[in-house]
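Novice: As a plain string of letters, each chain reads:
There are 2 protein chains.
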Amino acid sequence: MSSDRPKLEFWYEFASTYSYLSVMRIETLAAKAGVAVAWKPFLLGPIFHAQGWDTSPFNLYPAKGKHMVRDIERIAGDRGLRFALPAKFPQNSLTAARLAIVGTDEDWVAPFTRAVYLAQFADGADISNRGVLEALLAGLGLDPAPTLARIEQADIKDRLKRQTGEAQARGIFGAPSFLVGDELFWGDDRLEQAVAWAKQG
Amino acid sequence: MSSDRPKLEFWYEFASTYSYLSVMRIETLAAKAGVAVAWKPFLLGPIFHAQGWDTSPFNLYPAKGKHMVRDIERIAGDRGLRFALPAKFPQNSLTAARLAIVGTDEDWVAPFTRAVYLAQFADGADISNRGVLEALLAGLGLDPAPTLARIEQADIKDRLKRQTGEAQARGIFGAPSFLVGDELFWGDDRLEQAVAWAKQG
Numbered sequence: 062m063s064s065d066r067p068k069l070e071f072w073y074e075f076a077s078t079y080s081y082l083s084v085m086r087i088e089t090l091a092a093k094a095g096v097a098v099a100w101k102p103f104l105l106g107p108i109f110h111a112q113g114w115d116t117s118p119f120n121l122y123p124a125k126g127k128h129m130v131r132d133i134e135r136i137a138g139d140r141g142l143r144f145a146l147p148a149k150f151p152q153n154s155l156t157a158a159r160l161a162i163v164g165t166d167e168d169w170v171a172p173f174t175r176a177v178y179l180a181q182f183a184d185g186a187d188i189s190n191r192g193v194l195e196a197l198l199a200g201l202g203l204d205p206a207p208t209l210a211r212i213e214q215a216d217i218k219d220r221l222k223r224q225t226g227e228a229q230a231r232g233i234f235g236a237p238s239f240l241v242g243d244e245l246f247w248g249d250d251r252l253e254q255a256v257a258w259a260k261q262g
Numbered sequence: 062m063s064s065d066r067p068k069l070e071f072w073y074e075f076a077s078t079y080s081y082l083s084v085m086r087i088e089t090l091a092a093k094a095g096v097a098v099a100w101k102p103f104l105l106g107p108i109f110h111a112q113g114w115d116t117s118p119f120n121l122y123p124a125k126g127k128h129m130v131r132d133i134e135r136i137a138g139d140r141g142l143r144f145a146l147p148a149k150f151p152q153n154s155l156t157a158a159r160l161a162i163v164g165t166d167e168d169w170v171a172p173f174t175r176a177v178y179l180a181q182f183a184d185g186a187d188i189s190n191r192g193v194l195e196a197l198l199a200g201l202g203l204d205p206a207p208t209l210a211r212i213e214q215a216d217i218k219d220r221l222k223r224q225t226g227e228a229q230a231r232g233i234f235g236a237p238s239f240l241v242g243d244e245l246f247w248g249d250d251r252l253e254q255a256v257a258w259a260k261q262g
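Protein chains in written order, with the working numbering: chain S, 62 to 262; chain D, 62 to 262.
These are computed hints drawn from the structure, not numbers from a lab. Just to be clear, a hint being listed does not mean it is correct.
Below 30 Å or equal to it, Euclidean Cα-Cα: the simulated DSSO-like pairs (lysine-lysine) are [what the hints assert, rightly or not]:
(1) 125/D to 127/S
(2) 125/S to 125/D
(3) 222/D to 125/S
(4) 68/D to 127/S
(5) 260/D to 127/S
(6) 149/D to 125/D
(7) 127/D to 222/S
(8) 68/S to 222/S
(9) 68/S to 218/S
(10) 218/S to 149/S
(11) 125/D to 222/S
(12) 260/S to 68/S
(13) 125/S to 127/D
(14) 68/S to 93/S
(15) 125/S to 260/D
(16) 127/D to 149/D
(17) 149/S to 127/S
(18) 127/D to 68/S
(19) 68/D to 222/D
(20) 260/D to 68/D
(21) 125/S to 149/D
(22) 125/D to 149/S
(23) 93/S to 260/S
(24) 218/S to 125/D
(25) 125/S to 68/D
(26) 125/S to 218/D
(27) 222/D to 125/D
(28) 125/D to 68/S
Between the sequences and the hints, there should be enough to build the whole structure, so can you do that?
Specialist: Structure below.
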């Protein structure tokens, strides 16, 4: 990726169902448009908590949750993706998000992120489970033990906290979200528009 | 409209900004696909109230509200529509919704609905104002006084109440919503998909 390509920031939360839809297609869409993607994992929990929610709005508002599942089933079906809501929803995404911060430094954030979403939303795995994450890391040719040790260090924990704070400060209230400079786009439905916006500069 | 065309139910709330986007294009999209539209005005207020909200989520969650305005500005711009949030939001839509029930019986619900949304979201008018609604009715060649008298009758008031109850019972939690049988689609982003679903039967 050359640094002079226009840039799209992709803000996602590992427990977010609609983020799965974008995770699986953002790289090809952006590549076709000549746009570079900056992967920005963050945590929605603190942002939801700040607006008085203690869980996903899809749990708080059951009609909305029921529609979300059916909506993603229809879209995933059209795109040839498997989708099923895991037994526990939303999952605790803290460990996966910290690993993704390491992946950002070591340039494996994109394949790692796709692997985590597929495990969770296609195969029903529990992504808060250390063994699940170890297997995903190993599957990517990485050494799980030192990678999992790395996320216990304060700098990684702090960076995820700061990234979550930055999301909130820049107006992000849900996931997936896309930023081109200060221009905010929310939802997988806006991915094409966000890519086009980045391209046009 | 022949009765053997596939049918799409269009559920909308007059104060809803995203409903504006669908109101202005649903008839042409459906006509091209050979699909008949059943216009179903209802009130979101009681549905929001039942889930603990006393106003629009766009007011309750300011970051979401800020994004909504910008999002609709971008989409309306692409579609050649004017859009500005009226000074008071959300507006009281009760009178407009009752008039639309009368319009359903007398076959002017579609042009009336478009006129109300344009007045509100293109021209900033207050659609709870009786004078505004009188002018819109007159502009459609209708006689405002008897039409406004009609909505004071109990059967019209009851039908709007029942229609709102039906929306809630059938899983509707926001607007615009589209129903093809029991298949629910939420949001202007799903209009094409809902029309295609109706067409395929």
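Novice: With reference to the structure, classify each hint as holding or not holding.
Specialist: How the hints compare with the structure:
1. With a CA separation close to 21 Å, the supplied pair residue 125/D and residue 127/S stays within the 30 Å bound.
2. The straight-line distance between the Cα atoms of residue 125/S and residue 125/D is roughly 16 Å, inside the 30 Å bound, and the hint therefore holds.
3. A hinted pair counts as satisfied when its Cα atoms are at most 30 Å apart, and residue 222/D with residue 125/S qualifies at roughly 22 Å.
4. For the suggested pair residue 68/D and residue 127/S, the alpha carbons sit about 23 Å apart, so the restraint of at most 30 Å is met.
5. Restraint check for residue 260/D and residue 127/S: the C-alpha separation of about 24 Å stays at or below 30 Å, so the hint holds.
6. For the given pair, residue 149/D sits about 17 Å from residue 125/D by alpha-carbon distance, which is consistent with the 30 Å threshold.
7. Taking the CA atoms of residue 127/D and residue 222/S, the gap is about 24 Å. The hint holds against a cut of 30 Å.
8. The straight-line distance between the Cα atoms of residue 68/S and residue 222/S is roughly 23 Å, inside the 30 Å bound, and the hint therefore holds.
9. For the given pair, residue 68/S sits about 25 Å from residue 218/S by alpha-carbon distance, which is consistent with the 30 Å threshold.
10. Straight-line distance between C-alpha atoms of residue 218/S and residue 149/S comes to about 24 Å, which keeps the hinted pair within the 30 Å bound.
11. Of the pairs offered as hints, the one joining residue 125/D and residue 222/S holds, with about 22 Å between alpha carbons and a cut-off of 30 Å not exceeded.
12. Restraint check for residue 260/S and residue 68/S: satisfied, since their Cα atoms lie roughly 8 Å apart, inside the 30 Å limit.
13. With a CA separation close to 21 Å, the supplied pair residue 125/S and residue 127/D stays within the 30 Å bound.
14. Between the alpha carbons of residue 68/S and residue 93/S the distance comes to roughly 13 Å, so the proposed pair stays at or under 30 Å and holds.
15. Restraint check: the Cα-Cα separation between residue 125/S and residue 260/D comes to about 25 Å, which is no more than 30 Å; the hinted pair holds.
16. Annotation: proposed proximity of residue 127/D to residue 149/D holds, straight-line Cα distance about 15 Å (limit 30 Å).
17. With a C-alpha separation of about 15 Å, the suggested pairing of residue 149/S with residue 127/S holds against the 30 Å cut-off.
18. Taking the CA atoms of residue 127/D and residue 68/S, the gap is near 23 Å; set against the 30 Å cutoff, the hint holds.
19. Of the supplied pair hints, the one linking residue 68/D and residue 222/D holds, its CA atoms being roughly 23 Å apart against a limit of 30 Å.
20. This hinted pair checks out: residue 260/D and residue 68/D have alpha carbons roughly 8 Å apart, not beyond 30 Å.
21. Proposed proximity of residue 125/S and residue 149/D is supported: the alpha carbons are some 26 Å apart, at most 30 Å.
22. Distance restraint check for residue 125/D and residue 149/S: the Cα-Cα separation of roughly 26 Å lies within the 30 Å cut-off, and the hinted pair is therefore satisfied.
23. Proposed proximity of residue 93/S and residue 260/S is supported: the alpha carbons are some 10 Å apart, at most 30 Å.
24. A C-alpha spacing of about 27 Å is found between residue 218/S and residue 125/D, which places the hinted pair at or below 30 Å, so the restraint holds.
25. Distance hint between residue 125/S and residue 68/D is fulfilled; the C-alpha atoms sit about 24 Å from each other, no more than 30 Å.
26. A threshold of 30 Å between alpha carbons decides the hint, and for residue 125/S with residue 218/D the separation of about 27 Å falls inside it, so the pair holds.
27. Proposed proximity of residue 222/D and residue 125/D is supported: the alpha carbons are some 29 Å apart, at most 30 Å.
28. Restraint check: the Cα-Cα separation between residue 125/D and residue 68/S comes to about 24 Å, which is no more than 30 Å; the hinted pair holds.
Violated hints: none; the structure is consistent with every hint.
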